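Trainee: Work out the full structure, taking the sequences as your base and the hints as a guide.
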Amino acid sequence: SQTIHQWPATLVQPVGSPLSLECTVEGTSNPNLYWYRQAAGRGLQLLFYSVGIGQISSEVPQNLSASRPQDRQFILSSKKLLLSDSGFYLCAWSLGGTSGKTDTQYFGPGTRLTVL
Amino acid sequence: GDSVTQMEGPVTLSEEAFLTINCTYTATGYPSLFWYVQYPGEGLQLLLKATKADDKGSNKGFEATYRKETTSFHLEKGSVQVSDSAVYFCALKGGGFKTIFGAGTRLFVKA
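Protein chains in written order, with our numbering: chain P, 391 to 506; chain V, 597 to 707.
There is no bait here: all hints are sound.
A short list of chain V residues far from chain P (calculated; beta carbon distances all over 10 Å): (1) 603; (2) 611; (3) 612; (4) 657.
Residues on chain P that point at chain V, a partial pick, calculated with CB under 10 Å: (5) 433; (6) 436; (7) 449; (8) 502.
What follows is a list of derived Cβ distance ranges for each label pair: (9) V:598 <-> P:417: 28 to 34 Å; (10) V:641 <-> P:430: 19 to 25 Å; (11) P:435 <-> V:624: 21 to 27 Å; (12) V:657 <-> P:435: 29 to 35 Å; (13) P:403 <-> V:609: 36 to 42 Å; (14) P:403 <-> V:650: 48 to 54 Å; (15) P:463 <-> V:618: 34 to 40 Å; (16) P:443 <-> V:677: 42 to 48 Å.
Keep in mind the hints are simulated off the structure, nothing from the lab.
Keep in mind the model is a prediction, meaning the values are calculated, not measured.
Each residue gets a CB set at the ideal place from its N, CA and C atoms; glycine is no exception.
Mentor: Written as structure tokens, this is what we have:
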């Protein structure tokens, strides 16, 4: 069966510090991968998605970046965090090799980031 | 572009009450429709889905029917439990790689 991992689970960082959040998927190959942010009491904001190694699509231009160095690894980074970067970051995957409309997204447990 | 609108929360119900959370959508073509649930401190998980008009998705006592004529996918449950307290997201997916999510509706169920 497939599983998705995110770490760390919780992170407190000062403004201006760098960020690296990691997501890995097991039990599937060539998944589509997604990073979302959920601000407190708000809905989901799609940040990045990737359909293959090294292929990143950005949905929101800001101080965040994403990379996919391996097939089942997705990393979210920042060189300098802002207060507004605080939130709950969710990684998700769906079946790869397709953009089928029936595809379910499977979410990780999330990382709660607080920028002080 | 495609969009999803769901009723604002929070919704507060007593245990065993009937639940309806409204969801309407705007989309070109014929998307699939989903309800996801997020329990406190966790990621989202699929609750149910429907892939074509008049399909009914159901799971854990929840159900929703894909109504093309009213562009709606309302979530219902006949008798809620305290353990159903969570945030519920309506979503749609057409062709392409992105799923469009609604803003979420928080449900509180009191014992």
